[in-house]
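J.: The listed protein sequences correspond, in order, to chains A and B.
For the first sequence, numbering that gives the first Met the number 0 assigns the number 0 to the initial residue and increments by one for each residue that follows.
For the second sequence, numbering that gives the first Met the number 0 assigns the number 0 to the initial residue and increments by one for each residue that follows.
Some hints could be false.
[Said to hold, decoys possible] Each computed PhoX-like pair below joins lysine-lysine, with the alpha-carbon atoms no more than 20 Å apart:
#, chain 1, residue 1, chain 2, residue 2
1, B, Lys331, A, Lys34
2, A, Lys164, B, Lys373
3, B, Lys272, A, Lys164
4, B, Lys331, B, Lys320
[Said to hold, decoys possible] Partner residues aside, some chain B positions facing chain A, computed with beta carbon under 8 Å:
#, residue
5, Arg151
6, Gly178
7, Asn271
8, Tyr298
[To be verified] DEER-style ranges, computed between Cβ atoms:
#, chain 1, residue 1, chain 2, residue 2, range
9, B, Glu199, A, Ile14, 19 to 29 Å
10, B, Asp337, A, Ala114, 35 to 45 Å
11, B, Asn304, A, Pro247, 50 to 60 Å
12, A, Phe93, B, Gly254, 37 to 47 Å
13, B, Lys263, A, Pro194, 44 to 54 Å
14, A, Gly35, B, Ile300, 34 to 44 Å
Hints in this document: simulated from the structure, not taken from any laboratory.
For every residue, glycine included, the Cβ atom is placed at its ideal position computed from N, Cα and C.
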Amino acid sequence: MSSSPYQISFLLFQISFVVYFLAMAAYIVFFVSQKGHVRQMARKIFFAAGLIHTLNILFRYIEAGHTPITSQHETVSFLAWSIAWSYLSFRWRFTVKNFGTFVSVLIIILMFIAALASREISPLVPALQSWWLPVHASLAIMADGFLALAFIGGIMYLLQEREIKRKRFGLFYSRLPSLDALDKLNHHCLSIGFPLLTLGIITGSVWAKQAWGAYWHWDPKETWSLITWFLYAALVHQRFTVGWRGRPAAIMTIIAFMAVLFTLWGVNLLLGGIHTYAS
Amino acid sequence: MPRDSIVLLGVNHKTTPLEIREKLALADGYEDPLRTLGSLDGLKEYYLLSTCNRVEVLYTTENSGETKNQVLDLLFGNAVSRSDLEKYVYHYEDEEAVEHLMMVASSLDSMIVGEAQILGQLKEAYRYASSQKTSGLVLNKLLHKSFFVAKRVRTETRIGASAVSISYAAVELARKIFGQLDNKTVMLVGAGEMAELAAEHLVGQGVAHVVVANRTLERAVKLARRYNGQAVSLDELIEQLEYVDIIISSTGATGTILSKSDVKPVMRERRNKPLFFIDIAVPRDLDQNINDLDNVYLYDIDDLNNVVEMNKAERDKEAVKAERIVAEETLKFSHWLDGMEVNPTIVELRKMADDICRVELDKTIGKLKDISPKEQKSIEKMASAIVSKMLHNPLQFLKSNNSQCVDRRERINTVRDLFQLEDETDSKRHDS
């Protein structure tokens, strides 16, 4: 049996999937039991999964000969990777109680979707053969990573706020952090994610000028990323000017992230356009 | 030879009214009473605990019947009559005493179950006993064990986790809304005992500013001075909402003093910073619909009571777990005590055998004239090997925990009879 790099990257993908899964299981056990040593374990496993996933992407890069960010499998896996690392970079600065549980669940969902998609490596179409590819695509997906964290924070906010407003304390009241902490999380993730998203769109537009001769084509993907951008711009604007926060901000974050997901997949599946490279 | 009894005598908030407890409390520290107890010959090791909810004395003795009254007379004879002592003082012995101490340490016997203070008080009391060397092998082990149990209860159950009084519940909620409280401002609207208590808790948790609004400004000023705060009149209430974060309302007003439409415009002014209203007035001061506004939370006295009830139910569940831990550790400690009971016999048995061995060796080696040191060594080795092998089974018989059919006490007696250890111990007794 020959060991082509293709198999190595797939093996690494599978291992990271399994290790992420173990991390999620540990995080869920911690969520229910609230035992400190379980969290310690979950963190270590999660970190290991993040490292293995990084190796997976590196090997995939070697196999494909270009940044592995063009097919469905690659983008989703890359999104999961960027969520994992934005979470880890974030944890390093300040902790949000039980955030890891929710993050690991989202990552497992994404890894599952990536596992179902075709792992075929399709040769790069001429339009994509540019160093703009890693710049544009990774900026966009890293932005999505932070926006995904904001989305998770929004869900946690709504869960916690619901229990406090209704005055019935269930599973979440004692386990989730304070509303203030969750709102700060939202603020923090937006203030990183939104500039990255803006940069992603600008680099895309510059690249489009070089590749296709015009900055903007009103291709469905472009249109939807603009819609997404406006949603986040509105949210950020409201936050900074009139002090939008709490529930409305959380709901808006969730809606805007739905737009992100639609831009990422829905457009390719339903609307087509020049951004659709792999079918 | 029966082992020493562990005796615990005491009064607590459950059994004894405050006026008796006050008289029994050791107001002047532990040093003098511990010294006084030292004058009793019957006590071997002893230790005292006195808190606002309990006074307890724990000691080991050979004669628990006699010493009980001596101890009570000595410590409390001057303060309370004999009949009162008989009536109120509880008396636990051995396993029960161990269990009680562990319950106390784990805060399962406290007025507010799960509060953490008692463990510190226990450690403090123990520090006195150990520095005056009134605690020995048994009590040292027992107290350390009970600290350990308290820690286990704290980490393995959630017994101290939830607030079981209204003012604590309010503080906990404030924390869940605001996270940090140290840059927040609390406003008292109207003054009452419960409102002040809640305010005090909030200040204790780091709330920086206090504003007092009252119908009579004079009272407001007086109260504000207590918290280093600011007094305002009731007419400024709505204006003030822009600057405060937590509002505790307890006026005697018959109608509502704030409605939803009063609060709504304020939120824009506040840039939507959260507001937390606590309405502990009956009838209520605040319009219930205020709770519907985004970033505004309103809890009235019933809501807080519900929170407290939920927490109590949760705590009771946790207490069951905690009691299981205590029972487990009590059992372990009893095993250790049983081992203690066997130890003197084991020591004596070994000593007797070694003595015989030594005497016979001396005799034999004295007769053998020219033997090399090496040969002498092997003879000695052989003798002690014979002794060890002979003793192996009797020792196993003593130590084993499994032979339930024969009582440990009985097994000890059997061995003592068989090897005739009885007389010797009566003449010269071992202390430990």
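J.: Hint by hint, say whether it matches the structure.
T.: Consistency of the hints with the structure:
no.	hint	in the structure
1	B:Lys331 to A:Lys34	violated, 25 Å
2	A:Lys164 to B:Lys373	violated, 89 Å
3	B:Lys272 to A:Lys164	holds, 16 Å
4	B:Lys331 to B:Lys320	holds, 17 Å
5	Arg151	violated, 13 Å
6	Gly178	holds, 4 Å
7	Asn271	holds, 5 Å
8	Tyr298	holds, 7 Å
9	B:Glu199 to A:Ile14: 19 to 29 Å	violated, 56 Å
10	B:Asp337 to A:Ala114: 35 to 45 Å	violated, 59 Å
11	B:Asn304 to A:Pro247: 50 to 60 Å	violated, 31 Å
12	A:Phe93 to B:Gly254: 37 to 47 Å	holds, 45 Å
13	B:Lys263 to A:Pro194: 44 to 54 Å	violated, 34 Å
14	A:Gly35 to B:Ile300: 34 to 44 Å	holds, 36 Å
Violated hints, in rising order: 1, 2, 5, 9, 10, 11 and 13; the structure is consistent with all others.
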